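K.L.:
Below, each chain spelled out in residue letters.
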Amino acid sequence: MEKKQFKKTLAVAQNVLNECIRHKILNILFIFAIAIIGGNFIIKELSPGAEHRTLIDAGYVNIEIFGFLALLFSIFIITYEEFEMRNIWITLTKPISRTTYFLGKFLGICLILFLNISIMFFLLMLLALLNGINLNINYLLIIASIFLELVVAIAFTLLFTVISSNLITGMIFSFFLFLIGHLTEHLKILINKEGTTPILKIILYIIYYLMPNLSLFNLKDKVYSIEGLFPFDYILKILIYASLYSVICLIISSLVFKKKEI
Amino acid sequence: MFNNFFISIQEKRNIMSKYNFWLLILSIILFIFSLILIQSDNFYKLNFKEFSFSEIKQNPFYVIFSSMCGFKILVSDFLWMDIIQYIGDRNNAKTNYKELYPKTMNLITIDPNFTYAYLAVSGILMFELKEIDKAIELIKKGIENNPKYWQLNLYLAAYTYSKGGNIKMAVHNIEIAVIQEGHPPMLERILGNMYVKLSEIEKPYKDFWMEKAKNLWWYMYHHPLEELNKKYAEEHLKKYGFMKYN
Chain P
493 MEKKQFKKTL AVAQNVLNEC IRHKILNILF IFAIAIIGGN FIIKELSPGA EHRTLIDAGY
553 VNIEIFGFLA LLFSIFIITY EEFEMRNIWI TLTKPISRTT YFLGKFLGIC LILFLNISIM
613 FFLLMLLALL NGINLNINYL LIIASIFLEL VVAIAFTLLF TVISSNLITG MIFSFFLFLI
673 GHLTEHLKIL INKEGTTPIL KIILYIIYYL MPNLSLFNLK DKVYSIEGLF PFDYILKILI
733 YASLYSVICL IISSLVFKKK EI
Chain R
2 MFNNFFISIQ EKRNIMSKYN FWLLILSIIL FIFSLILIQS DNFYKLNFKE FSFSEIKQNP
62 FYVIFSSMCG FKILVSDFLW MDIIQYIGDR NNAKTNYKEL YPKTMNLITI DPNFTYAYLA
122 VSGILMFELK EIDKAIELIK KGIENNPKYW QLNLYLAAYT YSKGGNIKMA VHNIEIAVIQ
182 EGHPPMLERI LGNMYVKLSE IEKPYKDFWM EKAKNLWWYM YHHPLEELNK KYAEEHLKKY
242 GFMKYN
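First to last, the protein sequences are chains P and R.
Residue 648 in our numbering sits at position 156 of the first sequence, and the numbers go up by one each step.
Residue 137 in our numbering sits at position 136 of the second sequence, and the numbers go up by one each step.
Bear in mind the hints are in silico, worked out from the structure with no lab data behind them.
From a predicted model like this one, the values you see are computed outputs, not experimental measurements.
Errors might be hidden in some of the hints.
When the alpha-carbon atoms are kept at most 30 Å apart in a straight line, the in silico DSBU-like pairs for lysine-lysine are as follows [what the hints assert, rightly or not]:
1. R:Lys142 - R:Lys169
2. P:Lys714 - R:Lys169
3. P:Lys685 - R:Lys46
4. P:Lys536 - R:Lys142
5. P:Lys714 - R:Lys104
6. R:Lys99 - P:Lys536
Please model the complete structure; the sequences and the hints are all you need to start from.
P.N.:
This is the structure:
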């Protein structure tokens, strides 16, 4: 029974993947390639002494931004077709539960993100090698952390698209949560500040735990402050964190999606 | 019959809802636990620091903007490009590049590990603009933020020596530099020569400095970074009578 459900989830995921490719989501990679290769020439001129560093930093930031854009576009296209073009009616007439469908959708978007990020990372590393930059395993760990961060972003974006009545509103919420999620860590200043009342502290703690703490995944900003490799146990911990946050978002989303009138 | 069928579906749904509910509660508990686990991690404690109010006051736009977007180091790269443009503009020579130091301070507020900026800007301040104190202050900040980056100690040694011929300070900094990995072999030979020079200048402490030189040469002899270092160490050990000629 469970094997059957898993097969159905995979079928939906594959369908989402095909749909995204059909809508030329991967074209975003061309823009990335132009940005990073063109940027490489400019960086050489503008940043003497720190060319290698700037190339790598710009590359990672581009991967993160384009990855986030890719997931937003994918979710937008899929959800738009589902609800505005009523595609979901056809899907749900088949023997497939809403939860399975939703999980498949999540998995499909994760796959398209993985595909995007892998190609972008490959391009960046190729450029780094051509520029004579010494590569190590840290570069791979950084990209893994970016992927985890974006998986969390997929989970909360899907939650917003289900909760909000308007697709655009959901996207805007998601965009702002992505930005604010990087500042969650700094809430601790307010929590630990003298003069913060106990009630305010409790409220801040609730916000701190509710909001996605995306700065935990930000290994690219730490690459020059550490010696050697990033600790694997930390990577494992953020993997658990990302998984649990995504699971919570998915459970809430599927519960809302079950009761949603289509 | 139909009634029974619908009841069984309803029961199934209830069971599923309960299952989802408990799964959600369990996930939330585990999630909070995972966050606490991360916070107790050493890597997290050392590397994830919330920005201080002094940082925000000094540079509110860059600190908040770069933190919010999650790319602090890229913003620091852009600030570096801005510094390069500033240095490249000849019109700024009229004001003796007075914005150079504040701009660099902005940069190192965002990324204290931008080691190249410390080296390059302090070099310009020291040798081009003759602002020795600022150069030393900057390089000291660099050492404070990057204690294991030997080039900074080497630069500080050069600056303090150039400023007032403070050879002891130079020796102290080179001693720190030669402990670090990746230092050039030549640095050990320079340090040896400086010990000899100090033993000649400070006659009362001659034995102290020669003892230090001896230890360094023996170390260079047994663990040479390159063949020339071993040869140099052997020559000096023989010259000062610490090793017998064959």
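K.L.:
If a hint holds in the structure, say so; if it does not, say that too.
P.N.:
Status of each hint after checking the structure:
no.: 1; hint: R:Lys142 - R:Lys169; result: holds (20 Å)
no.: 2; hint: P:Lys714 - R:Lys169; result: violated (35 Å)
no.: 3; hint: P:Lys685 - R:Lys46; result: holds (18 Å)
no.: 4; hint: P:Lys536 - R:Lys142; result: holds (27 Å)
no.: 5; hint: P:Lys714 - R:Lys104; result: holds (22 Å)
no.: 6; hint: R:Lys99 - P:Lys536; result: holds (26 Å)
In this structure, the one hint that does not hold is number 2.
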